[in-house]
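> Sequence:
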Amino acid sequence: MKKLTAYFFRGLLFLTPIVVTIYVLYFIFSEIDKIFGFNIPGLGFMFTLVLVTFIGFLVSTFLARGVANVIDNLFTRMPVVKMIYSSIKDLVNAFVGEKKRFDRPVLVAIFPGSSFQIMGFITRDSLESIGMGESIAVYIPQSYNFAGNVVVVPKDQVTPVAIESGRVMAFIVSGGVSGL
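Take any residue in the sequence shown, count from 1 to its spot, add 4: that is its number in our numbering.
Calculated from the structure, these hints are not laboratory results.
Computed from a predicted structure; not experimentally measured.
Take these hints with a grain of salt, some might be off.
Said to hold, decoys possible - Simulated restraints, written as ranges between beta carbons of each label pair:
| no. | residue 1 | residue 2 | range |
| --- | --- | --- | --- |
| 1 | G117 | D76 | 39 to 49 Å |
| 2 | E168 | P21 | 20 to 30 Å |
| 3 | P83 | G15 | 53 to 63 Å |
| 4 | V154 | G70 | 31 to 41 Å |
| 5 | S133 | A10 | 53 to 63 Å |
| 6 | V23 | V85 | 34 to 44 Å |
| 7 | K93 | I39 | 19 to 29 Å |
| 8 | T20 | N73 | 39 to 49 Å |
| 9 | L55 | S90 | 21 to 31 Å |
The beta carbon of each residue, even a glycine, is placed where N, CA and C say it ideally should be.
Kindly produce the complete structure, drawing on both the sequences and the hints.
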């Protein structure tokens with residue numbers, strides 16, 4: 005009986021990530037298909053990929069760049085919309101934009117003199133504008149979540165980490181299970 009239980013859990017450990025991944029992909033595909041009203045599975049997803057790529061091409065051209073700037077200015081001037089739009093735009097640009105922000109992984113000593121440290125990313129080198137010239141801003145992502153916290157710490161409590169930032173983010177988000 006002990007061997008059967010071990011086989012069951014080994015099978016569960018093997019199948020769970022596969023089944024959940026397939027289900028999440030199926031869910032995404034079917035929801036996108038529903039949005040566009042396509043009856044052929046995956047056609048909506050393919051249409052979305054082509055549409056996003058085409059819009060990326062258009063925004064890269066000289067003429068469409070002006071239209072994109074007008075839309076951007078419109079969204080950044082509307083009171084409530086500005087807060088949502090700017091936050092999402094900054095977050096997306098921090099990961100994949102030309103001005104990536106999560107590219108300097110560090111260890112932060114939360115309690116000076118202690119070996120207790122948290123991994124994060126420097127997001128701002130100076131907080132002089134708010135009267136904290138000796139401090140920096142560090143983003144601390146949360147494990148198994150797409151959220152995080154910004155902590156303000158003295159510069160001497162931060163140690164740069166010589167590891168690719170994508171691997172550090174994978175390490176943090178996975179709770180230390182993968183990445184490094």
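> If a hint holds in the structure, say so; if it does not, say that too.
Tested hints:
1. G117 <-> D76: 39 to 49 Å: 47 Å, holds
2. E168 <-> P21: 20 to 30 Å: About 23 Å separates the Cβ atoms of E168 and P21, which means 20 to 30 Å holds.
3. P83 <-> G15: 53 to 63 Å: Given range 53 to 63 Å: holds, Cβ gap about 54 Å.
4. V154 <-> G70: 31 to 41 Å: Holds: the Cβ-Cβ distance is about 34 Å, inside 31 to 41 Å.
5. S133 <-> A10: 53 to 63 Å: The hinted range 53 to 63 Å holds for S133 and A10, with Cβ atoms some 59 Å apart.
6. V23 <-> V85: 34 to 44 Å: 39 Å, holds
7. K93 <-> I39: 19 to 29 Å: Taking Cβ atoms as reference, K93 and I39 lie about 22 Å apart, which means the hint holds.
8. T20 <-> N73: 39 to 49 Å: 46 Å, holds
9. L55 <-> S90: 21 to 31 Å: 24 Å, holds
The earlier numbered hints are all upheld by this structure, with none contradicted.
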